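Dock chain G against the given chain P, drawing on the hints supplied.
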Amino acid sequence: MEHGRFNKEHIEHKLNHDEEFRQRFLESPADVLRSEGLDLSDENAAKLQQQLSDTRGQDLPSGASVAANGVMISISKSF
Amino acid sequence: MIDDRVTDGLRRLIGTPELVLVNPPFAGIDRPSYALHLLQAIASEQGVASRILYGNLLLAASLGELEYERICYASSGALLGERFFAATAYGKKPTFPAGERTGTHIRTSRIDGDLEKLHDIYEQGDLAARWCECLADALVQSGARAVGITTTFEQSAACISLARAVKQRDSSILVLIGGANCEGEMAGGLARICGSADFIFSGESEASFRDWCTRFAAGAIAPPSGEEPVIVGGAPCQDLDSLPLPDYSDFYDQLFLLLPDSKVLASNAVWLPFETSRGCWWGAKHHCTFCGINGEGMGFRQKDADKAVADLARLAERHPTNRVLMLDNIMPHTYFGTLLPKLASREERLHIFYEQKANLDFRRVQYLKNAGVEVIQPGIEALSSDLLRHMRKGVKAHQNIALLRYALMNNVFVNWNLLHSFPDDHLEWYTATRDLLPFLFHLCPPTGVFGLSIDRFSPYFDLAADFGLSEVKPVSSYYDVLPEGAPVDRIAYHFEATYRSGSRENPAVIGEIEALVAQWRRAWESTGEVPRCHVIQIDPEHYLLIDTRPVAAETFAMLTAPQARIGLLGTAEGGDGTLVDWALSRNLCLRYEDAILPLATADPAVYLGIDRRAEKGLRAFDERTLTDPLTRDAVRAL
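Residue numbers (the working numbering), protein chains in the order written: chain P, 18 to 96; chain G, 1049 to 1686.
Pulled out of the complex, with its shape left as it was, chain P reads as follows (with noise of 0.2 Å):
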């Protein structure tokens, strides 16, 4: 649920613009959220903490085992 004061277009502008606030928010969104005016429950609260933390992508493996076309080189099934 959302109070009167909670204004989706000024977070996202702070978030856009304010380094202080955004380090804030992605630290600990709930409380950042909650202060704003949002009602947020916990179990919302903590799916929200747990998907920010879970988005800092995949590590590229180093080099890659590419020959013609791209083909990754394998071992041959014939002897």
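Hints were generated in silico from the structure; no laboratory data involved.
Quantities reported herein were computed from a predicted structural model and do not represent experimental measurements.
Footprint (simulated), chain G over chain P, 3 or more residues, beta carbon under 8 Å: (1) 26 to 36; (2) 49 to 59; (3) 62 to 68.
Each pair of labels, with its calculated beta carbon distance range: (4) G:A1361 <-> P:N33: 49 to 59 Å; (5) G:D1289 <-> P:E44: 46 to 56 Å; (6) G:D1624 <-> P:S70: 26 to 36 Å.
Every residue, glycine too, gets a C-beta built ideally from N, C-alpha and C.
Frame of chain P; chain G shown alone:
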């Protein structure tokens, strides 16, 4: 370095077998040879004691792991590995290829910028000869009565060097050669330049090698009387379940001896090769125009899923890693209902590489992930539906892009690349791809951008005239490497030809694509966070978009549920056109090939929560796929 300690250690490890099978340079050092260990197990069943000798590890120990890999993973068309052994094999020293790109040579990221260092290694000279002497001495001193050497890609010059050195020391030792470089007509070509060999096994050779071992054990094998080796023809194995399970102990013993400080060991990066199928079920119906990897064994054959799971479990128990490299050219599609759920329900998790067809939906990617398949190679090749149709890939660009999104959402790494310079291709296919790439920087980047290689056994090779190709000839590197008078056209695997190609005639566009891919990879290789276009659910009504792509309108945006939906699904409930326009203006969606492509990613639960139709579809998919109620319950419990 190859010194007495190393050679003594090798001799102790080899012991006194009747047969030694050798894996020469330049095979990768992060994996054992499946083929050789399979043959070792077959030999054992016939009462022939054998050991595998990892000549590639010995050279890597001498050359240095990094330098070895630079040669091993260099451009295929440059034949750096063959050049390294050309003097010992054929008595000629080819020049080191000059410049960054010659002819149709294909490059990989590992080689970039290192050509000068490699040049110095080549100039040092006699390392190849010392490798050969050390190995031949060890083989002869082992007392083995037969030596088998495998050759695939760039192992032929090392193989021929070693065959000759063994025969020079003891002409009574039988020398066998086999591998993918002996497939079909190539066996005859190799026979012409390898008079030191006695037998060349051509094609899938489990049955013919088994017969040979039976006769060898009975003392009934005599060296051939002619000057050239005897070609032993194989046949595609029709019962993969009958094949024994390899034991990779010889590989580990030699890795610990020869490369004890290897980064492969330090990072536990050894892959255990395994196969669940041979051939290609897609290629048997629609052979991709450029693909030559199946040789004469296109017909699809697969293992029983229960047998495969049991073998995988034994393999992982036996060796100190859970990384499994599936050698299949394409995973059997029935495994979504059999092998994958069984792997998912195992307590010990594997980390699996598996080649796929690219038309996977979200649920299938989840099945892969749950089973431990964390690296896939789906053969994406292009992001233009016209070019994909031209290749006969059987997928469209939107499916390739969707797969990249589904894989990222499920944390599955995608090994893929972009190809160009196809016969009769159109430049606009590539300009569209070029314009598309900056929108995709949040997805797993391609390995690189590669020009077409016309490979033996591919439709472009076998039916060249039908595709408008003329003057088909081996790439020039073969002439640099092979001896005078060698039947180069029978030995070669990579060819070039004359043909019309919109992309080949306009290299500037390909250069722009290469530059974008390099930028994309740099963004992922940097120590900072990779680009993202990710939707996070705050509560059922509020979502947060984090967009750090170069095309992002702004980094953060608070979204409504309908806005999140269109970013993730590309559709608006009720067909709300203003929402579509909004998503296009934010680059959350893209109009591409007359469709609206959603580009954002999200946590799988968030994605499925938004896509109600997908949720219903999942249940239907599970019902169709998991016919066994116990397996279905196990999957649902995940």
